[in-house]
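Protein chains in written order, with this note's numbering: chain X, 10 to 621; chain D, 412 to 778.
Calculated from the structure, these hints are not laboratory results.
Quick caveat: nothing in here was measured; it's all calculated off a predicted structure.
By construction, the Cβ of each residue, glycine as well, lies at the ideal position given by its N, Cα and C atoms.
Some hints here could point you the wrong way.
As the list claims (entries may be wrong) - Derived list of chain X stretches under chain D, where covered just means 3 residues or more per stretch with a C-beta under 8 Å from a C-beta of chain D:
| no. | region |
| --- | --- |
| 1 | 60-68 |
| 2 | 76-90 |
| 3 | 316-326 |
| 4 | 456-464 |
Residues per chain, in single letters:
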Amino acid sequence: MATSVVDHAPASHHEPHTGIWSWITTVDHKRIGILYGVTAFIFFLLGGIEALIMRIQLMKPDNTFVSPELFNSLFTMHGTTMIFLGVMPLSAMFFNYFIPLQIGARDVAFPRLNAFSYWVFLLGGLFINFSFLINAAPNAGWFGYANLTSNQYSPGLNTDFWVLGLQILGVASMAAAINFFVTIVNMRAPGMKMLRMPMFVWMSFITQILLLLAFPVITIALVFLMMDRHFATHFFLPEGGGDPILWQHLFWIFGHPEVYILILPSFGIVSEILPVFSRKPLFGYTAMVFSGAFIAFLGFGVWSHHMFSTGMGPFADAFFSLSTMLIAVPTGVKIFNWIGTMWGGSLQLKTPMLFAIGMVAQFIVGGLSGVMHSVPPADLQQTDTYFIVAHFHYVLFGGAIFGLTAGAYYWFPKMFGRMLDDKMGKLHFWMMFLGFNITFFPMHFLGLNGMPRRVYTYPGDLNFEFWNQVQTWGSLLLGVSFLVFIYNMWKASRRPADAPADPWRGATLEWLIPSPPQEFNFADVPPVHSATPAWDLRRAGGGTLPEPQRVSGAGIHMPRPSYWPAVTAVGVLVTIGSILFTHAFSQWYFITLTGAAILIYGIYRWAYEPAF
Amino acid sequence: MEKSSGLVRRLARQAPALCLLLLIAACAKDYPQTTLQPRGDFARMVDDLFRTTVVWATIVFVLVEGVLLWAIFKFRGRADDPEPRQVHGNTTLEVVWTVIPAFILVAIAVPTVKTIFKTSDYATGPGVVQIEVIGHQWWWEFRYPELGVVTGNEMHIPVGKTVNLRMTTADVLHSFWVPQFAGKRDVFPGRYNPLWFKAEVTGIFSGQCAEFCGVQHARMGFKLISETQEEFDAWVARERIGSPLVNAGTVPADTTTPADSAGRAAKLAADSLEQAGRALFSGAGCIGCHAMVGTPLASATSLKGPNLSHVGSRQTLVAGLMPNTEENLRKWLANPDSVKQGTLMVLPKKLTDAEIATLVAYLRSHR
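With the sequences and hints as input, model every part of the structure.
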C-alpha cells in the first residue's frame, strides 16, 4: 500500500505544501517547473491570440479589422512572446522538472536561484505585456532594427518596454542557464558518465551553453540601445557617427544561436520519445550527441545569413552561405538517426509518439527551406517575405512546439500522476497537424509570389487573398486544437491520481519513482550502467518492474522554502524597469535606487538564510 | 452553400499551385509581384539558382519523408509484441548519411558562389542608366543624376539597357524590391548600396519596400515602368521641365523647349481654377515639403515629400496605394490620414471642398 509519507512524516520541513504562500516560497524544482509550465502556457495562448487577430486582419485585402499601429504591435509581441515567454520557458519547465529526475538528483544545484529565475521571468513577462494596458506595446519588430528604434522614429514608451523587458528576461535566462549547467556537470547519479546521459539532458546541456554564450551579446546590444534612447549616446545613430548595421550583427550573433536554444530541447524530447515508443534504443547515440554539439558550435558562425540583403559584399555572403549549408549536415544526421531508431522497432503509436513523428516530418520541411535560403542570391528574393515566415514556423512550430507538446503528453503522467486521454490526444494531434500545415504551407507560395512580411494589409490586385484566407481558416483550426488539449488536461485533473510510475515502459530514471515523484525524488539513487538504466532494471527483472512504493523521507534533507528569491526578483524588476521614467521626470533615479536597495537587501538576506 | 461551392471552385483553380517546381511557375502569372517569373537578367540568374535548390529539396523531401512514412507503416507494433532487436547504431550508415548530403550541398554551393560574385557590385560602363534611389517613410524617390530627373514612386527604365541603382535612405532602413527584376537590397542612412538589372520586356511592374520601416511599411509600394528607348527619352524630356536638378543648375537645361511647353503655360494662365490651385499650393505651405515647377522652391532637392512637377502623369497616388484619378486625389487631399493612417503628410490646414478642387485641377494639369 503506497501511502504518502507527507501525511505523517513530512519529508523535510515543516512548511505546509499547499496554498499560495507555499508556491511563492517553494524551491522544489518540480513545483518551479510547474510554475514555469503554467505561466508559459498562458503566455503562449496570449501569443496565439495575437497571431489569430493578425490572421483575421489578413483574411482580405485592405482590411480594417485592426489599425496599422496595433498590427505592428501584434507581430512584434507575437514574436517576442512566443520566443521569450512561450517556447523558452516551456523548455525551462522540462529542464526544471526532468533534468534532476533524469540524472538521479534530488534537486538542481542552486534551488533558490532556480526560484529567483522563475520570479524574474514572471515579472519580466508581466512587465512587457503591461505595455498593452497603457497603449504602448512594443511595435518595432521582435528584431528591433536600428535606427527605427531611435527616439526620433520611435518616440513613446513602446520600444522602452521591449528593451527593458528583454533585459529583465535575460537575467532569468542567464541565472537558469548557470544553474542547469552546474547541475548537469555536478549532480549526476553514480555511474552516469557524460556519454550515458539521456539525450534530453544532453540537448539541454548544449542549450545552456548556448544561452551562456549568446545572451551576453543581446544584453550588450540592449544596453547600447537603452543608452541611445535614454542617455544621449549614438551607438546605432548615423547622425552621431554610429551605425545601424552594428545592431543587426549584435542581434543576430545572439539571434541565430537563439534558434537552437529554441529547437534543441525539442530535439532532446523527441530523442527520448522515439526510442521508448519504438522499444529500441536511440540509433547512433554518440552521433546524436556530437551532431547536436556541432550544430550549436556552427550556430555561432552563421549569423549574417539573416543579412544577405544588407549588401555585405560577395566574400561575406559566400562565407556565411557555406557555413549555413554546413549546418544542414549534422541536422540531417539527427533526422536520419531518428528514422533509424524507428526502423526495425515495434512502434507504439500513442499520442506522444504521434507528436514526435510529426515534429520530425515537419522539421524536414523547415530544414529544406533553410537550405534554400542559405543560397544568398535566392535569399535576396525570399528574405522578408512570407517564405521566411513559412520556414521558421516549420522549424519553431512544426519543430519546437510539436516537440514540446510531445513532451507534455509523455511526461504529464509523471508530473501530475494522471494519464491524459489518448483518444483526445490523437484528436488534438490531427487537428494541430492539419491546422499547422494549412496555415503555414501556403505561406511558401505567398512569399515566392511577392508577399512581404510585417505588412498589416495588402492591395487586392496582387492576388494574395486566396491563400491568406486558407491560412486564416487553418490557423483557427490550429487554435481550436489547443482547446482540445486544455479540455484533455481539465478532464484529467478531475480523475483520481492513479497513473502508474511507468506508463510507457520508459528508459530513463524518472520512470523508476512514483508519479508524481516525492519531494526528494529518489530515496536511493539506482546505479547507472548505460544510457537506458530503467530498461536495464526491467530486463534484470524479467521484463517487468515492480511498482515503486512511496517511502518515508525521514533523514533526507531538502532545502528550506524561501521568499527572498521572489523579493530579489522584485528588486531586479524595479531597478531595470525604472529606466522607463527617465523622460518622465528628473528624479527617476530614486526609483532605480529603491530597486537596487530591494535587490541588495534581498540578496543579503538570501545569502545569510540557512539553506537547510 | 453558395459560398462554399465558390471556395471549392477556387480551390480547384488554385490546386496546381500545390505541385512544386514546374507548376508554381505556371501559377505565377496570376501574381503581379511574383519572384517566379523573372523579367530581368538579375532575377533570372536568381531564379535559375532557386530552381536548382527546389529540385534538390524536392528529391530529398520525397525520399526522406517516404522512408519515414514507410517506417511508420512497416514497423507498427502492438503493446504485447516481443521486444524488437536492440540495435544501437551503424557506423557505415552514419558515414553514408553524412557524406551524401555533403555532396548535395556541394552541388548547390558551386553555382551559388558563382552567382554571388556575378550579382554583386555596381554596373558600370557606357550605356548604363544611373539612378539614385532614396527611401523615405513611406515613399520612394528616384533621381536620374545624369538625365536631370527627380521623381517619386515611379521608376521609368529603358528596356534592354542595364540600369545601375545607387541606393540610400533619408530616414530609417528600407529595402528596395521589384521581384521580377532583382532581389532585395536594403538601404542604410549615410551609405550607398548597389543593385543593377536589365529589363527583358516592356510593361508596368510592381515593387514594394521589404524592410519593416514603421507604421505604413505596408503602403510603400512603387511601379517600375519598362519602356522602349523612344518612350523613355520622351519621358525624360518631359520630366526635365521643372526638374529640381535642372532648375538648380546641377544638370544643364535643354536648349530646345519641348513642343507642348508653351501651350501649357498659356493654358495655365487661362484656367482660373488652376491659377487658384497654384496660389494655394505656394501660399498654404505645400511647397514646404514638395518641389514643384513654377514655385519658389522648384529647385530644392532635399524636401520631405515627392517632387510633384509631373504628378498628373503618374499611374498611382500615395506610393502605389491607389490609381491616379481625380476622385482619389480629392479623397487624399481631404484627409490624408484617413487614407493612409500615420502618413507624414500633414496638411497645413483643413482644406475646404473648393480649395481641394483648385488643388486637384492644378496638380492634375502637371503631366
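- Message: At least three residues with a C-beta closer than 8 Å to a C-beta of chain D: is that true for the region 60-68 of chain X?
- Response: violated (count 0)
- Query: How does the coverage statement for the region 316-326 of chain X fare against chain D, requiring three or more residues with Cβ below 8 Å from a Cβ of that chain?
  - Reply: holds (count 6)
- Item | Whether chain D covers the region 76-90 of chain X (at least 3 residues having a Cβ closer than 8 Å to its Cβ atoms) | holds (count 4)
- Task: Count the residues of the region 456-464 of chain X whose CB lies closer than 8 Å to any CB of chain D, then report whether that count reaches three.
- Result: n = 8 at 8 Å, threshold three: holds.
Hint compliance for this structure: hint 1 alone is broken.
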